[in-house]
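> If you want the building blocks of each chain, they are given just below.
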Amino acid sequence: MNLFQAIIRAIIQRTGAAKRDRADASGQAQRLPGSPSLRHVLDNLKNCADLTHRRYPEIRVDLVYFGHQVNADMLYRDVVHPLLQVKEQEVPLLLRQSQFQRTDDSKALITGILSGRAAVFHQGAAYLVDIYGPLTRSIAESETETVMVGPHDAFNENAEDNLSLIRKRIRSSHLKVLKLSVGEVTKTDVYLLYIEGIANMANVRKAYERIEAIETDGVYDISMLIQLIDDHPNSIFPQYLTTERPDSAVSKLVGGRVVAMMDGSPSVFSAPTSLFEFFSSADDYYQRWMLGTATRMLRFIAFGITIGFTALYVAVSTYHYEMIPENLLRTFVESRSRVPFPPVYEALLMEATIELLREAGARLPTKIGQTIGIVGGIVIGQAAVQAGFSSNILIIAVASSAIASFVIPSYVMSASIRLIRFGLIALAGVWGNFGLAVGVTIMVIHLSGLTSLGSSYLTPVAPFKFSDWVDTFIRGPFRAISKRPTQTQTPNLVKQKMKK
Amino acid sequence: MREKLAHIHVVIMIYMVEAGLVLFRFPQMEAEYFGTNGWVSLLICFAAAALNILLLLPVHKMAQGRSIFDIMEQSVPRLLLLPFYLVIAAVWGMTASLASKEYVHILKLVSFPTVTPALFALAIGSLAYYLYGKGIYNIAKAAMIFFFLSAWMTLLLGYFISEFQFARMTPFLFQGSHQMFVGFLNIFPAYLGFELVMLMIPYADGKTKLVRAAFLSTFFAAVLYLIVGIVCFGVFSLQQLKLVPFPVLDLLADIRFPFMERIENVFYGFFLFSNIVTSTVYYWAASQFVGRISLRLNSKLAGALIIAVCTCVSLIPDTLMETEAWVRNVGYAGIGVAIGLPVVVTGFLLLQKGKGRYGRDQK
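Chains as they are written, first to last, in the working numbering: chain L, 25 to 524; chain U, 114 to 476.
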C-alpha cells in the first residue's frame with residue numbers, strides 16, 4: 025500500500041513539474057514553490073476594471089498595478105523605463121535593485137497592489153515597487169482651526185503629505201513613526217508618531233495596542249478611530265484632542281504626547297489629553313503672553329456662559345424673581361408678560377431653533393449658510409418676540425450662549441458642551457438654582473471618573489499639578505513654561521535640547 | 114497597581130468634608146453659648162481638634178499600611194467586633210444623611226418653601242451614590258474640582274469691609290456666655306472629618322502623609338471659620354447674632370450687584386458641592402464598616418445599602434429644628450468615634466506590639 029502511494033505521489037510530482045516547464049517555456053510567468061502566482065493575483069482582482077496589467081513578452085515580465093493609485097512619473101522612471109532598457113537575461117539583475125522588493129506571500133502581494141504599489145512578475149517570482157502617489161487635495165488652510173497669526177498650512181487626506189508636514193518641522197532622528205493597518209475591509213493605514221526620549225513608552229504601547237485591537241470592517245476618519253479606542257466610549261466628552269494643524273500636532277509631540285494620523289483623514293489626534301487642553305489654541309502661543317492669557321481666560325468664561333447662562337435665566341425667571349434688581353425687574357416682567365409658556369419651554373424652544381439654524385448653516389454651501397444664519401437668526405428672533413413666543417432677554421441669553429460656544433477652539437468639545445446645556449436648562453426648569461447646581465455636580469462627578477489613555481481627564485487640577493497651570497489656565501511667558509506637561513509622564517520633564 | 118491618594122487630595126477632600134453647612138450656623142452658636150467675641154471659641158475647638166488628630170499619629174505610624182479592620186480583627190474575633198462596626202457605620206452614615214437633610218431644609222427655607230424635602234434628599238442621596246461609585250480616588254478628584262468651584266466664595270466676605278466695625282467686637286471675652294461646654298460640643302463637630310483618614314491608610318503611601326493632611330485640612334477649615342466668625346461678629350451685633358439662625362446666609366443676601374441681588378439663592382446652591390463631598394466621604398467610610406460586617410457585600414452594594422437606609426432614616430425628622438436636634442446628637446456620637454476609634458486601634462496595636470516583643474523574649 026505504502027509503495028503504491030509513493031509511486032502515485034512521484035507521478036503527480038513529475039506531471040506537475042512537466043506542466044511548469046511547459047508553462048515557463050510558453051513565456052507564462054508561473055508560481056515557483058512558495059511564491060505567489062500572477063494567475064492567483066489576477067483571480068483575486070478579477071472584475072476590477074481599474075486594474076492595469078501590462079505584459080512585456082520579450083523579457084517575460086508582467087506588471088500589475090492600479091493606475092490611479094500610483095504616481096505616473098515614478099512608474100515610468102522606476103519601473104517601465106528600466107524594464108525597457110534591459111534584455112531578458114538582464115532582468116534578474118535589474119530586479120535585484122533595492123526598489124524591487126521580492127514578495128513570497130500572495131496576501132501581502134495583493135495588499136501591496138491595493139496600497140498603490142506595482143507588482144512585477146518574472147520567472148515565477150513576484151516583486152513590489154513602491155510608487156504610491158494617488159491624486160490628493162493640495163495643502164490648504166484649515167477651515168475649523170483658523171488662526172490670525174501663525175502658519176496657515178493644514179493636514180490633508182494623504183498621510184504621506186501629513187507625515188511630510190511633521191517631518192519638515194521636527195528634524196530629529198528621535199521622531200519615530202509606527203505603521204498599523206485598521207479595518208478588515210478598508211485596511212486603512214494608521215501612523216503612530218512619538219518622540220523617543222520624550223514620550224512615555226507606556227503611552228505609546230497603550231495607543232499602539234488599542235489601535236491594533238480594533239475589530240471593524242472600516243474606519244473612515246480619525247474621529248471615528250478615536251471613538252473605537254476611547255477609555256470611556258459612553259461619555260459625551262471627547263477623550264482625544266484632534267487637530268488639523270501641523271504646528272499643533274508638533275507641539276503635542278514635543279510635549280511628550282503620542283500623535284496618530286490616518287490615511288484619508290485630514291485630522292490627527294494626540295493623547296493623553298485633558299479637559300482643559302481643549303480650551304487652548306495655537307493662536308495663544310503666537311501672541312504676546314498677556315494677550316494669549318486673556319484669550320484663554322475668555323474661553324473659560326465662554327464655557328461658563330455656554331453651560332449656564334440660559335439655565336440661569338430659566339432658574340431665575342421660574343423660581344427666583346427676587347434675584348432681579350428692582351430697576352431691571354420692570355423690563356424683565358414686561359418682556360416675559362406676553363409669553364404664554366413657562367420659561368423652560370421657552371428656553372428649550374429657542375435653543376432648539378438656534379441649533380437648527382447652526383446645523384442648517386453648516387450643511388449648506390458657505391454663501392447660503394451665512395445667509396441662513398443671519399436672516400434666520402434675526403427674522404426668527406424678532407418674529408418670536410413679536411409673536412409672544414419668547415422674551416427679548418431670553419433671545420439675548422440664547423444668542424450669548426450660542427456665540428460663547430463657538431469661542432471654544434475644539435469643535436467636538438463645543439458640540440458636547442452645547443448638548444450638556446439642554447440638560448442643565450431642563451434641571452433649572454425643574455429645581456431652579458438647585459437644579460443648576462445638581463447639573464454641575466453630575467458633570468463634575470462624571471468628569472472625575474474620565475481618563476484619556478489612562479491618565480486623569482482633569483489634570484492638572486485633579487491630580488493637582490500646579491506647575492502645569494502656567495500653560496493651562498493662562499498662557500505664561502515662554503521662560504516660565506520650563507517643563508513639559510506632567511500628564512504625559514514624560515521621562516524628559518524639563519524642556520531642553522536633546523543631544524544627538 | 115492601585116493608585117495612591119496624593120497628599121493634597123486628602124487635604125482638600127477632608128477640608129471639604131469639614132467646611133460644610135456648619136458654616137451657616139456656628140456664628141449664632143458662638144454668640145449664644147460664648148457671648149462677646151465668641152469667635153475665639155473656634156480657637157479652643159481647633160486646639161482640641163489638633164489634640165484629637167495627634168491620637169491618629171500612633172495609628173498611622175504603627176499600622177504600616179494595614180487597615181484598621183485588619184488591626185482590630187487580629188486581636189479580637191470579627192464576630193465580637195460586629196456591634197462595634199455597626200455603631201460606627203450608623204454614626205457616620207447618619208452624619209452623611211443628616212448633613213444632606215439639613216442642607217435640604219435650609220434650601221427649602223431659602224428658595225422652595227412649598228416643596229417636600231424628601232424629593233431633594235433623595236436627589237442628593239442619588240448624587241452621593243453616583244460619586245461613591247467612582248471610588249475614593251475619584252471622590253478625591255471630584256472634591257478638588259468642587260473646592261475650586263466653591264472656594265472663591267470666601268472672597269465675597271471682602272464685600273463687608275465697609276460695614277465691619279471693631280466696636281462690635283468689644284474688649285470683653287465671653288461676656289454673656291452660658292453652658293460653654295455644651296457650646297463646645299456643638300461647635301466641635303464643625304472640625305470633624307479628620308478621623309476618616311484612618312480608613313485611608315490602605316489607599317495611601319508614605320508620600321500621602323495622612324496625619325499631616327488631616328491637620329492641614331483642619332487648620333484651613335479653622336482659618337475659614339475664623340474669618341467667617343470675625344466678619345459676623347464685626348458686622349452683626351451680639352444680640353442680632355443670637356437671634357439670627359443663619360447669619361452667613363443673611364450676609365450673602367446683603368450682597369448686591371447692578372444686575373443681580375439676593376445672590377444667596379445661587380451661592381447656597383453652590384454649597385451642594387461641599388455637601389456632596391461631606392456626605393459621600395462619610396458614606397464611603399460607613400460602607401467600609403458595612404462591607405466588613407458582611408464580607409459577601411461588594412463595595413457598590415454596601416454603599417447602596419448604607420445610603421438608602423440612612424437617607425430613609427433621615428426623612429424621619431420633619432422640620433429643620435428636629436433635624437438640627439438629630440444633627441447635634443449624631444455630632445456628639447461623632448466626637449465619641451473621633452476620639453474613641455483611634456484610642457481603641459492604638460490599644461490593639463500596642464497589644465500586638467507587646468505580644469510580639471513577648472514572643473521574641475520567650476525565644
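Hints should not be assumed to be uniformly reliable.
Unchecked claim - Computed cross-link-like contacts, DSSO-like style, restricted to lysine-lysine with a CA-CA straight-line distance of at most 27 Å: (1) U:Lys117 with L:Lys489; (2) L:Lys131 with L:Lys211; (3) L:Lys230 with U:Lys117.
Just so you know, the hints here were simulated from the structure itself, not pulled from any lab data.
If you're wondering where the values come from, they're calculated on a predicted model, not measured in any experiment.
> Taking the hints in turn, state whether each one holds.
A quick look at each hint next to the structure:
1. Only pairs whose Cα atoms come within 27 Å are accepted, and U:Lys117 paired with L:Lys489 is accepted, the gap being roughly 15 Å.
2. Pair hint L:Lys131 plus L:Lys211 holds up; C-alpha atoms about 13 Å apart against a cutoff of 27 Å.
3. Taking the CA atoms of L:Lys230 and U:Lys117, the gap is near 21 Å; set against the 27 Å cutoff, the hint holds.
Every hint, counting from the list given before, is met by this structure.
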